[in-house]
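J.: Residues per chain are reported as follows:
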Amino acid sequence: MRSHLNYFNIGPRLLLSFIVLVSLILAGNGLLVWQFHIAGIQSERLNSGNQQVIAVLRLQEELLLFHQRLEELVNSMDAHRLITEAEPLGKTLLEQIQQTRNTVIHLPPVTRVDPAFLPTLDAIAIDLPSQVEALTSLAALGDWEVVRIRLASGMRVMETQIAGLVKSIDQESSEELTNAMASMRDLQRRILTLVPLMAISTFSIAAFFGWAITRRIVELGLEERVGERTRIARELHDTLLQGFQGLMLRLQVVDEMLPPGKAKQELEETLETGDQTIVEARNAVHDLRSRTANMNDLAGAFRVLGQKLATGLSTNFRLMTEGPQRELHPIIRDEIYRIACEALRNAFAHSGAGHIEAEITFGERLFRLRIRDDGAGIPPEVLDRGRSGHFGLGGMRERAKQIGSQLTISSGPEAGTEIELSVKGSIAYNKTARTPGWRLFRWKIG
Amino acid sequence: MIRLLSVDDHPIVRDGIVRLIATQPDMKLIAEASDGLEAVEQFRKHQPDVTLMDLQMPNMNGIDAIGAIRGEFPKARIIVLTTYEGDVQVVRALKAGAQAYLLKGSMRKELLDTIRAVHAGQKRLSPEVAVAIAEHATDNALSPREISTLTLIAGGNANKEIAAQLSVSEESVKSYVRSILAKLGANDRTHAVTIGLKRGIIGL
Numbered sequence: 003m004r005s006h007l008n009y010f011n012i013g014p015r016l017l018l019s020f021i022v023l024v025s026l027i028l029a030g031n032g033l034l035v036w037q038f039h040i041a042g043i044q045s046e047r048l049n050s051g052n053q054q055v056i057a058v059l060r061l062q063e064e065l066l067l068f069h070q071r072l073e074e075l076v077n078s079m080d081a082h083r084l085i086t087e088a089e090p091l092g093k094t095l096l097e098q099i100q101q102t103r104n105t106v107i108h109l110p111p112v113t114r115v116d117p118a119f120l121p122t123l124d125a126i127a128i129d130l131p132s133q134v135e136a137l138t139s140l141a142a143l144g145d146w147e148v149v150r151i152r153l154a155s156g157m158r159v160m161e162t163q164i165a166g167l168v169k170s171i172d173q174e175s176s177e178e179l180t181n182a183m184a185s186m187r188d189l190q191r192r193i194l195t196l197v198p199l200m201a202i203s204t205f206s207i208a209a210f211f212g213w214a215i216t217r218r219i220v221e222l223g224l225e226e227r228v229g230e231r232t233r234i235a236r237e238l239h240d241t242l243l244q245g246f247q248g249l250m251l252r253l254q255v256v257d258e259m260l261p262p263g264k265a266k267q268e269l270e271e272t273l274e275t276g277d278q279t280i281v282e283a284r285n286a287v288h289d290l291r292s293r294t295a296n297m298n299d300l301a302g303a304f305r306v307l308g309q310k311l312a313t314g315l316s317t318n319f320r321l322m323t324e325g326p327q328r329e330l331h332p333i334i335r336d337e338i339y340r341i342a343c344e345a346l347r348n349a350f351a352h353s354g355a356g357h358i359e360a361e362i363t364f365g366e367r368l369f370r371l372r373i374r375d376d377g378a379g380i381p382p383e384v385l386d387r388g389r390s391g392h393f394g395l396g397g398m399r400e401r402a403k404q405i406g407s408q409l410t411i412s413s414g415p416e417a418g419t420e421i422e423l424s425v426k427g428s429i430a431y432n433k434t435a436r437t438p439g440w441r442l443f444r445w446k447i448g
Numbered sequence: 005m006i007r008l009l010s011v012d013d014h015p016i017v018r019d020g021i022v023r024l025i026a027t028q029p030d031m032k033l034i035a036e037a038s039d040g041l042e043a044v045e046q047f048r049k050h051q052p053d054v055t056l057m058d059l060q061m062p063n064m065n066g067i068d069a070i071g072a073i074r075g076e077f078p079k080a081r082i083i084v085l086t087t088y089e090g091d092v093q094v095v096r097a098l099k100a101g102a103q104a105y106l107l108k109g110s111m112r113k114e115l116l117d118t119i120r121a122v123h124a125g126q127k128r129l130s131p132e133v134a135v136a137i138a139e140h141a142t143d144n145a146l147s148p149r150e151i152s153t154l155t156l157i158a159g160g161n162a163n164k165e166i167a168a169q170l171s172v173s174e175e176s177v178k179s180y181v182r183s184i185l186a187k188l189g190a191n192d193r194t195h196a197v198t199i200g201l202k203r204g205i206i207g208l
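Protein chains in written order, with the numbering used here: chain A, 3 to 448; chain B, 5 to 208.
None of these hints come from the bench; they were simulated from the model.
Since the structure is predicted, the reported quantities are computational estimates derived from the model, not experimental observations.
We treat Cβ as the ideally placed atom computed from N, Cα and C, and that holds for glycine.
Any given hint could be a false lead.
In silico SDA-like pairs for lysine to any residue, Cα to Cα no more than 20 Å straight-line [what the hints assert, rightly or not]: (1) Lys266/A <-> Arg23/B; (2) Lys113/B <-> Arg252/A; (3) Lys113/B <-> Gln408/A.
Stretch-level coverage of chain B by chain A, calculated; a stretch enters the list once three of its residues show a Cβ under 8 Å from a Cβ in chain A [stated by the list, open to error]: (4) 11-17; (5) 21-32; (6) 187-196.
The following block holds chain B by itself, in its conformation from the complex (with noise of 0.2 Å):
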């Protein structure tokens, strides 16, 4: 039998995840959390032994909970749920200690498969998440600071303003643009916005 927690700020992907796990006989549904947080409590709680973790969520988001999970619990199982395809954002999550990483639009034909196999010990990608790794494999990452610095522009934030809320002079927060445009291969600041959001390197 294996024990499963759903991480999900939307009711009713939870809900379709509840009907679709109790049609298995070998799995069983024991928690759910609507935020990063309450996922963190509910897996302290009952230790369940594969979780399915959304992305986007208030107060912690998905990846931030992995970590603090994957903190606590070395061992503990994984999954992704989550409509960005986004590179970055794989990488993050996998990172942080996520098994799999499954996009929505997939859960209903791979996600009782995916449990079992990482139920199982084996680690899982869709197969459009693993192109979106490969195809950015070897570009340059950006930094912290010039991620702080593009989602303040996609706030629609003058360098000005980006400069006074990272604290650093306006030079510099010139020099992240140029290395964010430059890295990103984008055109202007408005591409780098848009390459940013496609790759997940910023959220939505």
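The shape of chain A in the complex, shown without the other chains (with noise of 0.2 Å):
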């Protein structure tokens, strides 16, 4: 009938946990991708530096051809071949600048282009056909030495122009450079805290969910326990107790047949011996639905049964308590019930010792139950493999086992035995029992 809603209750404080570590681990994906953009974007603007430099050192290296090409023209005194070969020569310069132009303009926008360049550029593009035509022009006059002057002066305006758009575009892509290097130190460094810290969110989150998971589990199988349970009951009190009451009545059917005598003696006590039994077992059916549930006094019952076994022996019986007495889960206390009571009968039955101890702690994490005894010890052989014929040590492990706990025996010939069972708090303590405010959200979720 539980709703599927219930298995996918994790509790308040779980499903914060969840929360926070999905946000960082979301965050933390988010801060490596942004770095990773980071790398990316620095890197295209030092590609794009490299590039301007490369650009302006090639237009250098043209210009400085055109300068001797023109020279050697100059130095031939030849007009007609100055005059045919400078057009050709400064229209393959002017290329040269448009192309490295587009070069600079195409670059990534993130790029920082020197704001000399385009000018620069411009400038050159501008006075290089004049410069030129005032070279023909004055070459076809035939003074070759003011041809030279001129050629010289107006080169160098334009080779100093380049000269120092070089440096100063080569001193910006070294600072580009220092720059970036230092950021990717940065880079480094940030990436390499962030992937382990996102290994251990992550790591985190499926421990988390590995625990809930179990703790799910331990919680399913107690709630299947409480329906099993309920269901062999009215099994029980459908089949054979019902079944008993008939046979009763039948049997009280022939009691009114038998004459006065001893077999009508002997069957009237049978008859009240099945009254008591089936009291009996009516009550431990009805103790299946409900076993200790009005018990939430575990201390308290265990002084009751351990008084109940002292009285006619002469042995001691004592019980203490530590911690503020919880209430816990109830399956979990009718087992804890169960084992208690087995190792209680057992120190009394067996052990013969003068003083009998029950000590249980009821701490935050942990629940622990001692029972210890100063009597004769279980032997060795029996220790290991139960006494035989008796269900005793085996169905305390197994008891234990079940419930999650830990149950170690410790015991020596003459030197007593220690019992001891501890449970995790988690499994321990009934949750619907804790504070108001986790109670209403128990209530409200589950």
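Reconstruct the complex from the two isolated chains, following the hints.
T.: Set out below in structure tokens:
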């Protein structure tokens, strides 16, 4: 009848942990992606810085070649050649300038282009044709000395401009490189911190999930056992007990038929025993459902049990509790009670001890039960295999295992016996009975 | 001659009753039924002097059957035979019109006497039952809504599911639960269910 909703109920604290961890992982991933993005921009900038340097150097080289070629022509003092070749050379250089311009314009937007770059190119591009024209017209006059001077002065202006540009771009680019190196180191450091942090978060979330699932399995197991128990109780009640009631009536009929005598007396005694057995069985069936449900006072129950077992014996029984008594999960409480019953019965019946002590510790994280005696101790072979034909020790271990608890039995000849049962607080305590706020919350979701 | 109708869904119990009655010269079992509906039908047909009625039965339970029979035949005499000794259950059966409430455990010794007493117009209660009633005579009874809520809690339902099944808000369910815990003196929901079962407020 429980809805599937319940299977996802992991409790508020765990839910909070999950949310925190998932946010951490998401934020970590975001940061990491951001770092890579920054690295990408950085390398793009470096790259385009290099491209600028290359472009401007190439232009400088072309300019020098142009200059050299013109000088050769001037030195040949062949006006015709100069006039015919100077113009195409100038055009080639202009094209080269245009190409450089394009390269610079098409650099990625993140690039810092030297502000003097384009104006310088423009200036050269405007200046160049007039220079070439001036040279050719001077050459046509045949005054080669003037041509030489004109060439040298005209080219010097352009070469100085380009050289200045080269210097400035080179400086910028090396600055950029230094910055990039520094920020790459930062980046590396950040990534090196982020990656392990995220690994830890991922691992913790996996561990949390594992823990939550285990806890849920234990809880589901307990719920299933409550259901199973209810079913058994109903079956026993509906079949066995009712059947016995009917049979008792039939035996009563036989009793009525019998003449007074030994047989009748025997049957009547049997019927009385039958009545008692049915009452006991009915109580046991009822107990299957409600067992120690009214017995929230575990310490009180142990005290009563210990006193009951101690009656008529010279054994001294003492009960100690540590920490405020807390309400236990009903199934766990039952199992603890039964393990304690068995341990106490063994101690009273077999140890011959003068003192038997039970100690209950209601710790925050751990529930612990210790039962010790100063008796004869359990023989090693019994401790190993459990008394043959005796369910005792085996049954105790079985029960302890079923509720996910630790049971240690230590005993030696004439050294007494100590039994210690530890149950994790998260399993042992009834969650509905913690703090009021918690309780309301649990009600809401479970 | 006392003419009897025996109602119980357990054949072995009915068989025992048949045989016990057969030993009595002043009684005669004239009909049997295995659930509440059949009981009403058989009663109408035979109109027995005394009816022996089990409570937990399929189709129609004993208390409803008692109500139905007494509605039609106000003078019907009915003895409840059950294993439940919860005070609330007993009071419900008596209010429905039963004259006697006998636990199955004491049938062997007291059934025949009880039949004769009820036939003579008396009322009878098993001593344990009388004690249970006395214990809670002054308690506040649960309202029908609270009983439905407790039944659903016993079925392992969460507040949300209970709210859906009763068509009320979750807040109302919470207030029912608080009221149930207070009225029964229970520590928690599990404890309330246990008390509810013990006192016969809800069935096993």
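J.: Now look at each hint and say whether the structure bears it out.
T.: Against the structure, the hints:
{"no.": "1", "hint": "Lys266/A <-> Arg23/B", "in the structure": "holds (18 Å)"}
{"no.": "2", "hint": "Lys113/B <-> Arg252/A", "in the structure": "holds (12 Å)"}
{"no.": "3", "hint": "Lys113/B <-> Gln408/A", "in the structure": "violated (51 Å)"}
{"no.": "4", "hint": "11-17", "in the structure": "holds (count 4)"}
{"no.": "5", "hint": "21-32", "in the structure": "holds (count 5)"}
{"no.": "6", "hint": "187-196", "in the structure": "holds (count 5)"}
Checked against the numbered hints above, the structure breaks only hint 3 and satisfies the rest.
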